[in-house]
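S.K.: Here the protein sequences line up with chains L and F, keeping their order.
So that you can map any letter, position 387 of the first sequence is 387 in the UniProt record's numbering, and since no number is skipped, the others follow by simple counting.
So that you can map any letter, position 223 of the second sequence is 223 in the UniProt record's numbering, and since no number is skipped, the others follow by simple counting.
Where hints are given, some of them may not hold.
Claimed, not checked - Rough simulated footprint, nothing fancy, chain F against chain L, three-plus residues with beta-carbon under 8 Å:
hint	region
1	219 to 233
2	465 to 479
3	592 to 600
4	607 to 613
Said to hold, decoys possible - These stretches of chain F come out as covered by chain L in the derived footprint (C-beta under 8 Å, 3 or more residues):
hint	region
5	24 to 37
6	69 to 83
7	203 to 210
8	268 to 276
9	288 to 299
If you're looking for bench data, these hints aren't it; they were derived computationally from the structure.
Virtual Cβ for every residue (Gly too), placed ideally from N, Cα, C.
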Amino acid sequence: MHGRPRKATKQEDPAAAAAKSARLRELQSQLLHFHHNRIYTKEAVSVSSKLLEINPEIYTGWNYRKLAFQHNLKEVSDTDTDTDTETIKSAIEDELRMVEVALRRNPKSYGAWYHRKWILGQKLVLANFDHEFRLLDMLLKADARNFHGWNYRRFIARLKDVSEEEELKFTMDMINTNFSNYSAWHNRSMLLSKLLRKKAKGFHEEESILSDEFELVRQALFTDPSDQSGWFYHLWLLDQTSTPHKPHLVSSWPSDKLNIEISAQFKEKCERFPIIFCFNQQVDGVNLATVTINSKLVSSEHITWKPLSANNSRKSKIWVGFLENFNKYCDNSEGLSVEISVHCCESIVHSEFVMKLSHMDHQGKNGDGFEELFLWDCPKSQEINPYLVSYDPWRLRVERVEEDAKWHLDTLSAEIALFKEMSECDEDSKFVKLTLTRLLGAHNSIKSGGSAYFEEILKLYDDLIKLDAPHYRYYRDERSLVLLDQMTSSKDSLVEYCSRCENSSFSCINPQLCINFSGLNLTRIGFVERLLWVQILDLSHNNLTSLLGLEALQLLVCLNLSHNQIMSFTALEPIKSLQSLKVLDLSFNEIGSHPVDTTRYLCSSPLSHSCNVTETMEELARENIKIGDFWEAILLFESLQLAQLDMQGNPVTNERFRVLVEKVIPCLKWLDGKPVR
Amino acid sequence: MGELAVEKHAQYILSVEKRKDDFESLVMEHLRLNGAYWGLTTLDIMHKLGSVNPDEVVTWILSCQDKESGGFGGNVGHDPHVLYTLSAVQVLALLDRLDAVDVDKVSDYVAGLQKEDGSFAGDIWGEIDTRFSYVAICCLSLLHRLNKINVEKAVDYIVSCKNLDGGFGSIPGGESHAGQIFCCVGALAITGSLHHIDRDLLGWWLCERQCKDGGLNGRPEKLTDVCYSWWVLTSLIMIDRVHWIDKNKLSKFILNCQDLEKGGISDRPDNAVDVFHTYFGVAGLSLMEYPGLKPIDPAYALPVDVVNRIFFQK
Numbered sequence: 001m002h003g004r005p006r007k008a009t010k011q012e013d014p015a016a017a018a019a020k021s022a023r024l025r026e027l028q029s030q031l032l033h034f035h036h037n038r039i040y041t042k043e044a045v046s047v048s049s050k051l052l053e054i055n056p057e058i059y060t061g062w063n064y065r066k067l068a069f070q071h072n073l074k075e076v077s078d079t080d081t082d083t084d085t086e087t088i089k090s091a092i093e094d095e096l097r098m099v100e101v102a103l104r105r106n107p108k109s110y111g112a113w114y115h116r117k118w119i120l121g122q123k124l125v126l127a128n129f130d131h132e133f134r135l136l137d138m139l140l141k142a143d144a145r146n147f148h149g150w151n152y153r154r155f156i157a158r159l160k161d162v163s164e165e166e167e168l169k170f171t172m173d174m175i176n177t178n179f180s181n182y183s184a185w186h187n188r189s190m191l192l193s194k195l196l197r198k199k200a201k202g203f204h205e206e207e208s209i210l211s212d213e214f215e216l217v218r219q220a221l222f223t224d225p226s227d228q229s230g231w232f233y234h235l236w237l238l239d240q241t242s243t244p245h246k247p248h249l250v251s252s253w254p255s256d257k258l259n260i261e262i263s264a265q266f267k268e269k270c271e272r273f274p275i276i277f278c279f280n281q282q283v284d285g286v287n288l289a290t291v292t293i294n295s296k297l298v299s300s301e302h303i304t305w306k307p308l309s310a311n312n313s314r315k316s317k318i319w320v321g322f323l324e325n326f327n328k329y330c331d332n333s334e335g336l337s338v339e340i341s342v343h344c345c346e347s348i349v350h351s352e353f354v355m356k357l358s359h360m361d362h363q364g365k366n367g368d369g370f371e372e373l374f375l376w377d378c379p380k381s382q383e384i385n386p387y388l389v390s391y392d393p394w395r396l397r398v399e400r401v402e403e404d405a406k407w408h409l410d411t412l413s414a415e416i417a418l419f420k421e422m423s424e425c426d427e428d429s430k431f432v433k434l435t436l437t438r439l440l441g442a443h444n445s446i447k448s449g450g451s452a453y454f455e456e457i458l459k460l461y462d463d464l465i466k467l468d469a470p471h472y473r474y475y476r477d478e479r480s481l482v483l484l485d486q487m488t489s490s491k492d493s494l495v496e497y498c499s500r501c502e503n504s505s506f507s508c509i510n511p512q513l514c515i516n517f518s519g520l521n522l523t524r525i526g527f528v529e530r531l532l533w534v535q536i537l538d539l540s541h542n543n544l545t546s547l548l549g550l551e552a553l554q555l556l557v558c559l560n561l562s563h564n565q566i567m568s569f570t571a572l573e574p575i576k577s578l579q580s581l582k583v584l585d586l587s588f589n590e591i592g593s594h595p596v597d598t599t600r601y602l603c604s605s606p607l608s609h610s611c612n613v614t615e616t617m618e619e620l621a622r623e624n625i626k627i628g629d630f631w632e633a634i635l636l637f638e639s640l641q642l643a644q645l646d647m648q649g650n651p652v653t654n655e656r657f658r659v660l661v662e663k664v665i666p667c668l669k670w671l672d673g674k675p676v677r
Numbered sequence: 001m002g003e004l005a006v007e008k009h010a011q012y013i014l015s016v017e018k019r020k021d022d023f024e025s026l027v028m029e030h031l032r033l034n035g036a037y038w039g040l041t042t043l044d045i046m047h048k049l050g051s052v053n054p055d056e057v058v059t060w061i062l063s064c065q066d067k068e069s070g071g072f073g074g075n076v077g078h079d080p081h082v083l084y085t086l087s088a089v090q091v092l093a094l095l096d097r098l099d100a101v102d103v104d105k106v107s108d109y110v111a112g113l114q115k116e117d118g119s120f121a122g123d124i125w126g127e128i129d130t131r132f133s134y135v136a137i138c139c140l141s142l143l144h145r146l147n148k149i150n151v152e153k154a155v156d157y158i159v160s161c162k163n164l165d166g167g168f169g170s171i172p173g174g175e176s177h178a179g180q181i182f183c184c185v186g187a188l189a190i191t192g193s194l195h196h197i198d199r200d201l202l203g204w205w206l207c208e209r210q211c212k213d214g215g216l217n218g219r220p221e222k223l224t225d226v227c228y229s230w231w232v233l234t235s236l237i238m239i240d241r242v243h244w245i246d247k248n249k250l251s252k253f254i255l256n257c258q259d260l261e262k263g264g265i266s267d268r269p270d271n272a273v274d275v276f277h278t279y280f281g282v283a284g285l286s287l288m289e290y291p292g293l294k295p296i297d298p299a300y301a302l303p304v305d306v307v308n309r310i311f312f313q314k
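Work out the full structure, taking the sequences as your base and the hints as a guide.
M.R.: Here it is, written out as C-alpha cells:
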C-alpha cells in the first residue's frame with residue numbers, strides 16, 4: 001500500500017503474474033480449509049508457513065499457527081513426558097523462525113511481532129535473550145525508528161527484568177550513534193521521568209541530572225540543528241525546569257483584604273455570590289473538608305465547591321463556590337467579614353474580605369435593569385478605582401519565588417544567553433527563535449516582577465511569522481497570549497483598558513468595571529486569573545475563534561464578542577457556566593458558514609456522552625423542529641438566562657432561527673436590538 | 001489549485017470492488033471489509049453512494065460475521081477481529097441498516113475484549129493496542145452500547161499511553177505516532193474526556209508534521225504521506241488547533257497525489273493508488289471544507305449527517 005511507483009519499472013510477464021496470483025489464491029484457500037477443519041498436521045502447518053512468508057499480513061494465518069501450536073503441544077503432553085522439553089523447545093523454535101522469515105518480508109508486520117510476543121509471553125521455556133537482543137539490534141540498525149522494534153525491546157527488557165538504568169544506557173548508545181533518533185530520545189525521556197519520580201539510586205539530584213541532559217541535548221543541537229529530535233527533547237527539559245512540582249494558588253476572587261461594596265438599591269438582585277480560586281495546575285479536593293470559613297454569619301456548609309472545567313473532570317485549575325442568599329448577610333452596619341482558608345495542595349491559603357452595603361443612590365433605575373437596551377459605550381478613563389488599587393498579581397508570586405527557584409532561574413539565564421548567541425549565528429533557524437521565546441517566557445513567569453522580556457518575545461514572534469509562514473497562526477496565538485500577559489501584568493498597564501460603566505443598574509456589586517480589549521488582533525484569551533473581578537468585557541473587533549478561559553469570569557454580566565471569527569455555537573461552551581450573564585453580543589461572526597465544527601467535541605453533547613438529549617430538545621422535536629440541525633444552539637441558549645442577545649451578521653441567522661431562539665430563551669427581552677414580544 | 005477528480009475516483013472505487021483476482025487484491029483480501037468502509041464512505045462524501053446496491057453490500061457484510069462470537073472477520077471465512085467489526089458497523093450506519101444486526105450480540109463481542117486495566121485486545125489472542133481502544137469505543141458508541149464497558153478504566157488506560165511530547169503511543173511507553181494519536185484523541189472525544197489532553201502541546205507537535213512539500217508526516221523526520229492528512233488533521237480538528245497548519249498547501253499536496261488518468265489517490269505523488277489513500281485524501285479535503293464534499297465527523301469518521309442521524313433522531 002505504501003511506496004510503490006505508479007508506473008511499474010518493469011512490465012511483469014502476464015503469465016508469471018497469473019501464476020503468482022493463482023499460487024497465493026490456492027495457499028489462502030488451503031489455509032482457511034485447514035483452519036475451519038482444525039487440521040494441524042505438519043503438511044498443513046507448512047502451508048501456513050509458505051503463505052505467511054508471501055503475505056505476513058494475513059492475520060487468520062497467525063491465529064491458525066497459534067491453534068496448531070497449542071494443539072500439537074497438548075498432543076505431546078498427553079503422550080510422552082521425557083521428550084517434553086525438547087519438543088516444546090523445538091516447537092517454539094519453529095514459531096520464532098517463522099516470525100523472523102515474516103519480518104524479513106515486512107519488518108513492520110503487526111501479526112508477526114505479536115506472534116513472537118505471544119510465544120515468548122507464555123514463558124514455557126526461558127527465552128534466549130541474547131538471540132532476542134541480537135535480532136533487535138539488527139532490526140533497529142536497519143531502521144532505528146521502527147516502533148515495533150522499540151515496543152518489542154521494552155517487552156523483552158521487562159521479561160528479562162533489565163533495569164531502567166541499563167536501558168537508559170542503551171538509549172545513550174543509540175543517540176551517540178546518531179543524534180537524529182527521536183525514538184531513542186523518547187525512550188530516554190520516559191526512563192528518566194520514571195527514575196526521577198521514583199527517586200531511584202543516583203537520581204535524587206534532579207537539578208544535576210537535568211543539567212547533564214541540557215549539556216547532552218546541546219551537543220545534538222549544535223551537531224545537527226535541522227534535526228527535530230533534539231528540539232522536542234529540549235522542550236521537555238525546559239518544561240521540567242520551569243514547571244513547579246507542587247500546585248499553588250495564583251489568584252482568587254474576592255482577593256485578599258478586599259472591601260466590596262454592595263449596592264443597597266439592587267441588593268435583591270444578589271442571590272448567589274461567587275468565590276473563585278485559581279491554581280497554576282489542575283487540582284482536585286477543594287471541598288467542605290479542605291475549606292474553612294471564619295465568619296460570624298457564614299459557615300462552611302453554606303458553600304458548595306465545584307470545579308469549573310469541561311464535562312466530567314474532577315480536576316480543574318479553577319474552583320468556584322457560591323454563597324447563596326448572601327444579600328441577607330449584608331443587612332447590618334458592620335457588613336459581612338469572611339476569612340477563607342483552603343488546605344489543598346500542601347499549603348494553606350488565606351483570603352479575607354468584607355462586604356458592606358452602600359446606600360448611594362443610582363440615578364433612579366429600577367426593575368431588573370434591562371428595560372432599556374445595554375449599549376457598549378463605556379468611555380475609557382484614567383480613574384484609579386478601588387479594585388485596581390487592590391489589584392496585585394505579584395503578591396502571591398513573590399511568596400513562591402522564595403522557594404529555591406535559584407537553580408531554575410540560573411539555568412534559564414544560561415540557556416537564554418546561549419540561544420541568543422545561536423540566533424546571531426543562524427538568522428534563519430525557526431527552532432532557535434522559537435526555543436528562545438519559550439525560554440524568555442519561562443523566565444518571565446518565574447521571576448517576580450519579571451516584565452523584562454515582553455517586547456523581545458513579541459518581536460521574536462513577528463520574526464517567526466515571516467520565517468515560518470505556514471505556521472503563522474500558531475505564532476499569532478502565542479503572540480496574543482504574550483500581549484495579554486503584558487497588558488495585565490500590572491495596575492499601570494491595565495488601567496489603560498479600564499473604565500466605569502455608568503449604565504450600571506444590573507448588578508449589586510459596585511462599581512461596575514468594564515475592561516475594553518477591543519481591536520487588539522487577539523486570537524485567543526489568557527491570564528483570566530487576573531480578571532476574575534470583571535463584570536463587563538468588550539472583546540469585539542478581534543480575531544477570536546476560541547473563548548477558552550472565559551469560564552473563570554463568574555461575575556460577568558455583559559460580554560461583547562461581535563466582529564470576531566467564532567465559527568460555531570459549540571465554541572461558546574466556556575460561557576455556559578456564566579450564570580450572571582445577561583447581555584451577549586455575537587453579531588458579525590462566522591456562525592453558520594463552516595460545515596466543519598472544530599469544537600464539536602469540546603462541548604457537552606450526546607455525541608461525546610457528556611449529556612443526554614434535553615427536555616427542551618424533546619419538546620422542540622415534538623413541535624417538528626429538526627433538532628439535529630439546531631442542537632448546538634439549543635444546548636447553549638437553554639443554559640443561559642440572557643436578557644439581551646445580538647446575532648445579526650452570522651449566516652445562521654434567519655427568521656426560523658430567530659423564532660427558535662425566542663422559544664429557547666423565555667426571559668429574553670432584546671434580540672438584535674429590537675424588543676421581543 | 002488543481003481539482004478533485006470526483007468522477008474518476010468514484011469509478012476507481014467501483015472498479016476495485018470488482019477486481020478480486022490479481023495479486024494486489026489477493027494480498028489485501030483479508031481486509032476487504034475495511035476496504036468496503038473506505039470505498040463506500042468516500043463515495044458518500046462525494047455524493048456518489050447511489051451507485052451502489054445497499055442490499056448486496058449488507059448481505060455480503062453479514063456473511064463476514066462469525067456466528068458464534070458475533071464479531072466480523074475481514075472477509076468471508078476469516079477470523080473475527082474488532083477492526084473489521086467496526087468497519088461492518090460503520091458501513092451499516094452509512095447505509096442506515098444497523099437494524100440488520102443483532103446489536104447486543106455484536107456489542108457483547110466488542111465489550112468482551114476489554115481487559116482489567118481498561119485496555120482492549122483486538123481479538124481472543126490478546127494483542128493490546130490503543131487502536132483497539134478507539135475501535136471498540138467508536139463501535140459501541142454507534143450502537144448506543146457504551147455502557148457495556150468500563151469507560152472510566154478505558155479512559156485511564158488511554159491516558160497512561162500519553163507521552164511527554166503530548167502525543168500517544170500504542171501501549172504505555174510507545175512512541176507518539178499520528179495514527180495512534182488519532183485513535184486516542186478520537187476515543188477521548190467520544191467519551192467526553194478531551195480535558196486529559198494538553199491541547200497546546202499536542203497541537204504544536206501535530207502542526208509540526210507539516211513539511212516543506214505541504215504534506216503531513218506521521219512523526220518527526222519521516223516522509224509525508226496522504227494518509228496523515230486524515231490522522232493528523234482530524235486530531236487537530238478535535239482539539240481545535242487545525243488553524244495551526246497551512247490548509248492550502250496541504251490541499252495542493254493531496255490533489256497532487258491523484259492519478260488523473262485512472263482515478264484514485266496514492267500515498268505520495270506518482271506512486272500507485274489504492275482505496276486506503278483515496279479515502280484519506282478525500283476525507284482530508286472534506287475536513288478542510290473542500291467545496292462539493294459532504295462534511296465528515298472527525299471522531300466517528302463517518303459523514304456528519306450519518307452521525308447526527310444516529311444521535312439526534314429517536
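S.K.: Take the hints in turn and mark each one as holding or not.
M.R.: Hint by hint, here is what the structure shows:
no., hint, result
1, 219 to 233, "holds (count 4)"
2, 465 to 479, "holds (count 6)"
3, 592 to 600, "holds (count 6)"
4, 607 to 613, "holds (count 5)"
5, 24 to 37, "holds (count 6)"
6, 69 to 83, "holds (count 6)"
7, 203 to 210, "holds (count 6)"
8, 268 to 276, "holds (count 7)"
9, 288 to 299, "holds (count 6)"
Every hint from the earlier list agrees with this structure, and none is contradicted.
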